[in-house]
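S.K.: Residues per chain, in single letters:
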Amino acid sequence: MNKKLFTQIKNEWHSNLWIMAELLLVSVIMWFIVDYIYVKVSIYEQPRGFDISHCYLLDIDKLSEKSPNYNANLKEETDEVNELINRLQRYPEIEAVSLSHWSYPYDGSNSNCNIACDTMKNDDYIYKRIITPDFFRVFQYRGTRGETPEQLAAMLKNNTFIASGNIFKQKYNIKFSSLIGKQFHFDGDTTTALKLAAAYLPVKYTDYEEAYSAKSVAFLLEKKDQNSKNELCIRVRAKEDKNFIPKLWKDCSKQLRIGNIYISQIRSFSDIRHNYQQIETNDMRNYLFGMGFLLLNIFFGLLGTFWFRTQQRRGEIALFKALGSTQASIFIRLLSEGILLLAIITVPAVIIDWNLAHAELNQAMNGTTLAAPRFIFTIMITFLLIALMIVAGNWFPARKAMKIQPAEALHEE
Amino acid sequence: MNTKYFKQIWAHLRQDPVVSIISVLGTALSIFLIMLVVMLQQVKVAPFSPESNRSRILYAQYISISNKKWGDGSSNGPMDVKIAKELYKSLKTPEAVTIYSVCTIPAVISIPNSGTITTDALLTDADFWHVFDFRFIKGKPYDQVSFDAAIPSIVMAESMARQLFGNIDIIGKNVEFNYTSYRIVGIVKDVSTLASTAYAQVWVPYTTTSYINNIWCEVGGSFSTAILARSRKDFSAIRTECNQQLAISNKKLSEKGYKILSRNRPYDQEKKTITYGANIEPDINADHRQKIIIFIILLLVPAINLSSMTQSRLRRRIAEIGIRRAFGSTRSKLLKNIITESFIVSLLAGIIGLIFCFAFAYLGTDILFAQPYQSTFCQPTIDTSILMQPATFLYALGFCFVLNLLSSLIPAWRASRINIVNALNGKIK
Amino acid sequence: MITLTGINKIYRTREIETQALENVNLEVNKGEFLSIMGPSGCGKSTLLNIMGLLDTPTNGTITINGTSTEKMKDRTLAEFRNRMIGFVFQSFHLINSLNVIDNVELPLTYRKISAKESRHLAEEVLQKVGLSHRMHHMPSELSGGQCQRVAIARAIVGDPEIILADEPTGNLDSKMGTEVMDILHRLNKEEGRTIIMVTHNEEQAKQTSRTIRFFDGRQVE
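Protein chains in written order, with our numbering: chain Z, 7 to 419; chain C, 255 to 683; chain F, 79 to 299.
A couple of the hints might just be wrong.
Said to hold, decoys possible - Think about it this way: if two alpha-carbon atoms lie no more than 20 Å apart in a straight line, the pair counts; the simulated PhoX-like pairs of lysine-lysine are:
(1) C:587 x F:151
(2) F:190 x C:258
(3) Z:134 x Z:230
If you are wondering where the hints come from, they were derived from the structure by calculation, not from laboratory data.
Quick caveat: nothing in here was measured; it's all calculated off a predicted structure.
Starting from the given sequences, assemble the full structure and let the hints guide the process.
M.R.: This is the structure:
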């Protein structure tokens, strides 16, 4: 039966050419989309290295000099900011409070620094985080040697620094924690040096950027450098997080107004994250729409073509039945025709896909665009999705074919 | 003649209902998706209040600074008011130039005996109201005089006004804006977040705040500039003037070792919408290429489908084609007839697709129009003036035409070439 | 009026070559009613198709009213088919999605005349074949004989000099067949049109002015 199927496909090659052209085009585009989604999902699933649940960002603002409430005697805000932190720490509902500069997760702004230890130095971009020790407790960073956030917080002093464990991994293939205790220089400045106190598990810059490429170092934000331009982050105890924030907001206009400082906004990190990653969400949406569109087209296209074919072949199908074919075998034969066409174009499709991946036109993950397990998996998923659509599109015409009454059909012929 | 055409088209469609429905749905689906893509692009560049002048505006959102000591490194971000005035306010060619905060700022607003709420505030100058066409329901904007005198005035969006006071007869009343008393001078119709530059819930003169004191790297600050040209034709003249000004400013800065990198600023609306970092000049050509590829895919895949279905449908009418040729129709007339008939069907399907598109845009506003990198959590709002631009309909028509041509040309051409005798006998060769 | 010289028609497929017509020479005079007879598959329909410019001979020439059709382009051929020739087929070949009068008007849609005038001409011609009362019916609502009469009306609406009929009564019973033949004879005698008819029917052939016979692609009489 299959051999005859092949022969039949060959004989009808002209009309099958259309279908195969479309299947080939759709197959390649689908693979591209499937691969994209695979990469995005895989990266998303990688551990973030931080936790933002029940965390909030408090925007600190300063009264305008032109405001009648402005106290010109309080030039330096350091004391007020310190007092604000103290007052916040006194809330039993708040677990931890931190100040930082360009360091919180899902922050669009960042700065970098270069580090060197003996002869080793970095070539790539290392994010520079300036934080108070409790930052580790707010965002639950963990050490590569199992250190808890509290332990990491205790180790950050003005003569030490803490960094992510993936620095130097690609370049020198060493565990960064092996350099704990050594002295490092920064940005080419050989006069000041800091000791590496610990390494933390890599922290992703966003959910969609790999931990593999997110390297950072954390320095202490000393009390004397703290001002109203810093970022104020708090972690609220999970059990208390139900109605705490509105209550905190009410206090913002009263006891949390200190000198010229006040809090202008409280944002939850899940909202910040949602906003910051909108572009990725948009991209994902676009690709999913595209995928749905292609699948629907396959469905429609096959439905139309095979519907027409069933009508054209009424006589032939009737003949098969008259010669003893069962309804089921006719049904399956018609379904297999579509799948066989897909199987034929899969070979050139895979070749094209391989070339696209080789030419690095798709997304990179773990430093490469072409990895065997990923490639095989995405090809299989693509095949399955399109095959599903083919079966769905063929179903109705095949059922119609199977119900043909032989005598009637042959009489019409 | 025309009714006969339509009667025939209807009869032909009825001949093969399944294939006809699939063809119509397939076309409608394609037009639906294509127009969705078109709309997504349009909301970013099409004019609507208060950004009705988008086609005439050039934007200098950021400034890029390098220093002799930094090597290749640069610092990029919004600019300081002083350099904005030097580089852009000084220009002679434009109609107006406005300086405003790079993004909305969370501000605390309250009235006595009520709680404070956070609002999205934009700090602007007086020219802002010239460049952007807000619809004032009550009052008017703060003018140059009160701006220069730093008189605390505030313009409010209607919904914010109602949220605070319950009504909009509040001109002359006071609100606490960041714990300072401001006088309400105007109420405007709400602005959609899709108006990415002008959006805010309240607007105040920046002279009443201390934001201009945030200076970094000599010329960096917290502000952006928008230049309103008299017409698009002035753009090159404005750019030339900008470069001249830049050269002058850089000469002064070189004493301190700084240099402003132009990155070919200012940008027009289209280029501005694809700006994702202050440190990279957006590549319009790459963006266009990507869009063209998307449109080609969106047109090609359904065209192949529809082509094979048109082919099937034509086969049913093969005898008719033979008759027409036997009685004097030329090949080209036949070709024209088939394509025109096919176009009418695509047009009807396209209208269905377009209606679905509009419906989806209204119902799925959050899914479709949420802007990346917003500082506000306000959801985008869409109204007819934004969606139903004349250009939208022209695009839809154009795509219907192209899709139709792609899908019916080859089958029609082949049908017109069939040997008459074979056609009459129902043979396709 | 129509002159065929050395006409050959060979059908070629990948494996088989069939000679449908072999060296046919024929002259048809103005006002003649010619019948072509012969067994199935002898090439008579092929001959008619070639004379009606629906098919091209493998070699040989066709001359209509002194003009050779050999080098004619599609546009000229179409015009010839429209103005000089009216075809009547065995299986009527009416367009099912158009009503009677629209079917009859079809040839006129390829001429530059007004809708009013073409409708007038169609109505006139329908009256001639006795079907004015069925003007707005669809072909599916007519009997076989009525369909053939509509086809004849369509064939003559453009006032062609030549009518080619391929077994016009082949799908009709004897009564309807006689009606159709009556109309054809009227068109020939009263309006002086040249008619060339392919037929199986000996009786019908006898009533025409000349009969030629074919066998295996060659004229035998």
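S.K.: Next, verify each hint and record whether it holds.
M.R.: Against the structure, the hints come out as follows:
1. A threshold of 20 Å between alpha carbons decides the hint, and for residue 587 of chain C with residue 151 of chain F the separation of about 14 Å falls inside it, so the pair holds.
2. Taking the CA atoms of residue 190 of chain F and residue 258 of chain C, the gap is about 17 Å. The hint holds against a cut of 20 Å.
3. Distance check on the hinted pair: residue 134 of chain Z and residue 230 of chain Z sit about 19 Å apart at the alpha-carbon level, within 20 Å; holds.
Checked against the numbered hints above, the structure breaks none of them.
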